[in-house]
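Asker: The primary structure of each chain is shown beneath.
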Amino acid sequence: MKRFEYQEARTVRQAISMLQRYGYSARIVAGSTDFLVRWRAGVWNPEHVINIQRVAGLSRITYSSRNGLRIGALVTVRTLEQHPTVRRRYPALAAAAASFAGVQVRNLATVGGNICNASPSGDTIPALLVFGAECKIVGPDGERWVALDQFFKGPGQTVLETDELLAEIRVPPPPRNTGSHYIKHSPRGAMDIATVGVASLISLDGRRGASSEVRIALGAVAPTPIRAYSAEEMLRGQSLSQDLIQAAANAARDGVRPIDDIRGSAEHRKEIVGVLTRRTLEQALSSAARGPLNFEEQRRLTVQAAF
Amino acid sequence: MKKQLKITVNGEARQVLVEPYYSLLDTLRDELHLTGTKKGCDEGDCGACTVLLNGNPVCSCLVLAHAAHDGEVTTIEGVANGLELHPVQQSFVEHGGLQCGYCTPGIILSTVGFLESGEEPTEENIKHALGGNLCRCTGYSKVIESVLVAVKATGKWAE
Numbered sequence: 002m003k004r005f006e007y008q009e010a011r012t013v014r015q016a017i018s019m020l021q022r023y024g025y026s027a028r029i030v031a032g033s034t035d036f037l038v039r040w041r042a043g044v045w046n047p048e049h050v051i052n053i054q055r056v057a058g059l060s061r062i063t064y065s066s067r068n069g070l071r072i073g074a075l076v077t078v079r080t081l082e083q084h085p086t087v088r089r090r091y092p093a094l095a096a097a098a099a100s101f102a103g104v105q106v107r108n109l110a111t112v113g114g115n116i117c118n119a120s121p122s123g124d125t126i127p128a129l130l131v132f133g134a135e136c137k138i139v140g141p142d143g144e145r146w147v148a149l150d151q152f153f154k155g156p157g158q159t160v161l162e163t164d165e166l167l168a169e170i171r172v173p174p175p176p177r178n179t180g181s182h183y184i185k186h187s188p189r190g191a192m193d194i195a196t197v198g199v200a201s202l203i204s205l206d207g208r209r210g211a212s213s214e215v216r217i218a219l220g221a222v223a224p225t226p227i228r229a230y231s232a233e234e235m236l237r238g239q240s241l242s243q244d245l246i247q248a249a250a251n252a253a254r255d256g257v258r259p260i261d262d263i264r265g266s267a268e269h270r271k272e273i274v275g276v277l278t279r280r281t282l283e284q285a286l287s288s289a290a291r292g293p294l295n296f297e298e299q300r301r302l303t304v305q306a307a308f
Numbered sequence: 080m081k082k083q084l085k086i087t088v089n090g091e092a093r094q095v096l097v098e099p100y101y102s103l104l105d106t107l108r109d110e111l112h113l114t115g116t117k118k119g120c121d122e123g124d125c126g127a128c129t130v131l132l133n134g135n136p137v138c139s140c141l142v143l144a145h146a147a148h149d150g151e152v153t154t155i156e157g158v159a160n161g162l163e164l165h166p167v168q169q170s171f172v173e174h175g176g177l178q179c180g181y182c183t184p185g186i187i188l189s190t191v192g193f194l195e196s197g198e199e200p201t202e203e204n205i206k207h208a209l210g211g212n213l214c215r216c217t218g219y220s221k222v223i224e225s226v227l228v229a230v231k232a233t234g235k236w237a238e
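Read top to bottom, the protein sequences are chains L and V. 2 is the number of the first residue of the first sequence in the numbering used here; add one for each residue after it. 80 is the number of the first residue of the second sequence in the numbering used here; add one for each residue after it.
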């Protein structure tokens, strides 16, 4: 543990000028739930910690049918979980938030922090990926937008420059007849990191129609969260039968190259990808055709209570 | 360099000089000598250090002390009303919701936070609300039973 100096930014501009001044010796924190753990473990050793928790305007979450969901980077995972519009229109995202550690961590951890830490297993990320989230990045020369699936470069690595900040996440409104689901596979429910996490989204052309959009995102099976593009391709525009869903699930399974670690072997992870891809697609299809589950039911299918 | 921290703990305004890297937990225990809040894992897994920060349960080991500046904290020392136990505490005593007691302050604070949150106190919601609190003695059935009784005692039973 290396001692650090602590400062708080009150505006985005102030945070960026601190980042410019301190460069690589600085680290941004918000909820600090990941930071304090890794600092105590000696993994992160910044000389300057810049807390952005009190930056005005980044804690808002709003929805409009035209622009969709706008999530300030400082919105907590708990707020995401409890937000009525997120539960109704982005059910996989609300359930993913509920699968994220304990309430005491969710009350602190921010959506922006979960994205910027760029863990392959970050629980909010697969759901955000299937909804087509985009990131608003602010730097000294203004803002730029990056699609979330272009945001990650490796474990803990993102496209953010040292003087840039993730300010907002925008999630387009899902079309009518869209269903979504996330399943976190973890031996200890919400309290452990996902061994594998899978989110799926299906939009139908009318309630009985062919699929107009299919997206599948996988966590903890690659250096970053990833989309299963070839499996999606097999389903897009098709009438979705059990056999076709199974074939896509097999393609997702065969397309990943996970690693062995303490939470599971590569072979185990591959199998779980196949199973969870099928299950999340089936639930997404059912919700697209018959309307979403209520939050409690969706949560039950996403994660078991920890005891 | 130590900086002044202003914080309201159990209704009392406090000022204390704290290092920038101190957690809220270490501040409560080592600077304010409120040792009812326990340190278990110091990494957000066990929930023993749970306190209410501005009304919400948080792991105080994961909060930078200065991030709680101007905040309101409730610890286990502030839950009872003088010598009269809070209904949640009373219920844990009467229904065997604890054995060694190390995890208990955190579980009590999580429960109090949950009952104040307005969430419907179903057994399933209670289990999710307490999922971040580990107990290595009782198992959890006595804990859940104690909470369910407290729910009835506080009138926070929606059904």
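I should point out that these hints are in silico values taken from the structure, not numbers from a laboratory. Treat the hints loosely; a few may be bogus.
[As the list claims (entries may be wrong)] Facing chain L, according to a computed beta carbon distance under 8 Å, are these residues of chain V, among others:
| no. | residue |
| --- | --- |
| 1 | 135 |
| 2 | 137 |
| 3 | 161 |
| 4 | 227 |
Owing to the predicted nature of the structure, the values given are computational and were not obtained by experimental measurement. Think of the CB as a built atom: it goes at the ideal place given N, C-alpha and C, for glycine as much as any other residue.
Asker: All hints are to be evaluated individually against the structure, with a verdict given for each.
Answerer: Results for each hint:
Taken as an interface hint, residue 135 of chain V checks out: its beta carbon lies about 4 Å from the nearest beta carbon of chain L, inside 8 Å. About 5 Å separates the beta-carbon of residue 137 of chain V from the nearest beta-carbon of chain L, less than 8 Å, and the hint is met. Taking 8 Å as the C-beta contact cut-off toward chain L, the hint placing residue 161 of chain V at the interface is violated, the least distance being around 27 Å. The beta carbon of residue 227 of chain V is not positioned within 8 Å of any beta carbon in chain L (closest approach about 15 Å), and the interface hint is therefore violated.
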